[in-house]
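Using my numbering, read the first sequence as starting at 44 and increasing by one per residue.
Some hints here could point you the wrong way.
With a straight-line Cα cutoff of 25 Å, these simulated SDA-like cross-link-like pairs (lysine to any residue) come out [to be verified]:
1) K232 x A441
2) K61 x L211
3) K651 x G721
4) K298 x Y278
5) K542 x L530
6) K418 x E235
7) K635 x E581
8) K232 x Q258
9) K61 x R210
10) K665 x K418
11) K529 x C462
12) K553 x A482
13) K430 x K458
14) K298 x R677
15) K232 x D218
16) K418 x V439
17) K262 x P358
18) K418 x D444
19) K553 x F594
20) K555 x A523
21) K298 x Q258
22) K440 x G463
23) K299 x V314
24) K651 x R713
25) K553 x L672
26) K529 x H493
27) K213 x R72
Please keep in mind that the hints were generated in silico from the structure rather than gathered at the bench.
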Amino acid sequence: MGVAESEDIRVIEDRLRKLRDEIEFHNYRYYVLDDPVISDAEYDRLMNELVRLEAAHPELVTPDSPTQRVGAAPAAAFAPVVHRSPMMSLANVYSVEEIRAFDARVRRALDGEPVEYVAELKIDGLAVSLVYEDGRFVRGATRGDGTTGEDVTHNLKTIRSIPMRLRLDKPVSMDVRGEVYMVRREFQKLNEERRAAGEPLFANPRNAAAGSLRQLDPKVTAERPLDIFVYGIGYVIGAEDAAPDTHFEALSFLKKAGFRTNPNTRLCRTVDEVLDYCAHWGEMRASLDYEIDGVVVKVNSLAQQERLGATARSPRWAVAYKFPARQATTVVRDIIVQVGRTGTLTPVAVLEPVELAGSTVSRATLHNEDMIRAKDIRIGDTVVVEKGGDVIPEVVKAVADRRTGAEREFRMPEKCPECGADVVRLEGESAYRCVGGMACPAQVRESILHFASRDAMDIEGMGPSLVAQLIDAGLVKTVADIYDLKLEDVAALERMGKKSAENLLSAIEKSKSYPLHRLVFALGIRHVGERSARDLAEHFGTMDRLASATFSELTDVRDVGPKVAESVLAFFREPRNREILRRLADAGVNMKEAEKGVSAGKSPLAGKTVVLTGALERFTRKEAEEAVLARGGRVSGSVSRKTDYVVVGRDPGSKYEKARELGVTVLDEREFERLLEGG
DNA sequence: AGGCCTCGAGTTCA
DNA sequence: CTCGAGGCCT
44 MGVAESEDIR VIEDRLRKLR DEIEFHNYRY YVLDDPVISD AEYDRLMNEL VRLEAAHPEL
104 VTPDSPTQRV GAAPAAAFAP VVHRSPMMSL ANVYSVEEIR AFDARVRRAL DGEPVEYVAE
164 LKIDGLAVSL VYEDGRFVRG ATRGDGTTGE DVTHNLKTIR SIPMRLRLDK PVSMDVRGEV
224 YMVRREFQKL NEERRAAGEP LFANPRNAAA GSLRQLDPKV TAERPLDIFV YGIGYVIGAE
284 DAAPDTHFEA LSFLKKAGFR TNPNTRLCRT VDEVLDYCAH WGEMRASLDY EIDGVVVKVN
344 SLAQQERLGA TARSPRWAVA YKFPARQATT VVRDIIVQVG RTGTLTPVAV LEPVELAGST
404 VSRATLHNED MIRAKDIRIG DTVVVEKGGD VIPEVVKAVA DRRTGAEREF RMPEKCPECG
464 ADVVRLEGES AYRCVGGMAC PAQVRESILH FASRDAMDIE GMGPSLVAQL IDAGLVKTVA
524 DIYDLKLEDV AALERMGKKS AENLLSAIEK SKSYPLHRLV FALGIRHVGE RSARDLAEHF
584 GTMDRLASAT FSELTDVRDV GPKVAESVLA FFREPRNREI LRRLADAGVN MKEAEKGVSA
644 GKSPLAGKTV VLTGALERFT RKEAEEAVLA RGGRVSGSVS RKTDYVVVGR DPGSKYEKAR
704 ELGVTVLDER EFERLLEGG
């Protein structure tokens, strides 16, 4: 190599370095500060020159060159990356009270010394780690499980607001934490393009961002409009003199280093300021062009953070306040059919998991085919889910304009998915039923589970997995077999030690002495629920008398009409059922109803109808119900004009409203107790 | 027959 | 909790 040539190379290297610095500077002005100082055309000219020069001298291309933001070849898979300092998740809180409790915990742990908080928006995207060595961006990874994530360096390089080099005067090494997200407008645009191309749509910007970052081909990612807000530092080496003392200072340090931080972060001196911030952004979230799902609250002082430490799961110096999302959109991945103990086929939507009012929803009942028809919900649809009341999620509607045409309509199967028997829809019923009866494994399993359930024979430990195992092992075919179980058979089952087996057998033993009404309910006679079971047991007193009752004797019982009576007769006509009852009696299961308590008839509650709502302090719901029943009262589930008392506990439901509407007497817990005592 | 009022049945997640 | 349907009262 001649002298002139090596001189040329040096000149070219200089030019390359200058071009790269300049382009990165303009990237920073444009993508981070949103304040460009040159025109797009000028920027393009610089970029073109760099591309040309690098093409002529491929040996001079560096990995942090702006051209390399899109240059990498598609990867075969994502390499795992172990985070040098783990990416912990934050504890979630859902209410003002919980934020106050967090504040109280922090203060107590810090012996009451003054505490400042930083409140920041919780961007609904995905957390990533950006590793810099000697000031250069070397590796980016997803959060993964917090310890190990996936290497998405090439994809992160396509995000222009991530600096390829830190804008610091020293070669600092650090791990920067941030949230990658997609702007709403861009998300909508992306989905429109995908629909036009017949591709499946993303349910929300978060999924779109996640999907884009996990593209194997960075060229695809480069076309996706991703951006990032950084919010923290995992570790930092080489910036000791500039090292921040507080989280707030850390954020300005990150800003100085060339990162994009969220402008709406606020330093709060009191917890009330934090609550104001939460309330404000809860209201104003729609005004942002990116989605947020809450507010992150952090103790500002890093020294205090250190003293507070962390639990195994999350730091004690921060919480994530999640807005009470009442509704969410997600995608119906599939509609499956469940077979209940009565053979009813229930369609259930399997959903792309979505956070909703404090829990992750992944399935929701669709009740029956009529409802699916009425709401026109198809497999693959984007749907709106809502938590009706408190816990149970409901699919409200399908978002029809998100359709790509690839969605499939749901059809109720003609054969039972569990046993292959015919499925029928009886006249006047909306439910489809499997006619397999006890030949259907699902119905056998569910009826045994029902028998053992808490309100029936209350056999603790007999949950879904144990019942499945007992059936598979051939130990239990009908509920009568439960009472023939041997210790060694049970102990031989998977995940069952001697101790668990003993516990199970003693729970079974205990169930033999319960009053008749539990057994009647446990049998699962059609149209005989908890209430009717009690009425029947009290009326007839013994199983023998119930089993030999005539139609008219049955309809004499309160709330028993022709349908229920016929159903009871049918149950006892069936020889297999009579055989089961004989075996239960032989095993020593109690077949009598206890006499009513002496106090019944004297109590002011005798003959009264009571409705309970909300949580009581000193009783469980069940205990309160029993107490009313023992005094000759009735407990009902809904408030009407016939209701005598509504007992209101903490966090009452809609029944309280109804009671006031109808002018029904409302009791608090203390008044209720007095009434129980006879006052 | 019509209109309540209740009950039964199925259901979700941590 | 909600829906559907059985039962009872008018």
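| query | Can you name, in rising order, the numbers of the hints this structure does not satisfy? | reply | Hints 10, 11, 12, 13, 14, 15, 17, 19, 21, 22 and 23 are the ones this structure does not satisfy, whereas the remaining hints hold.
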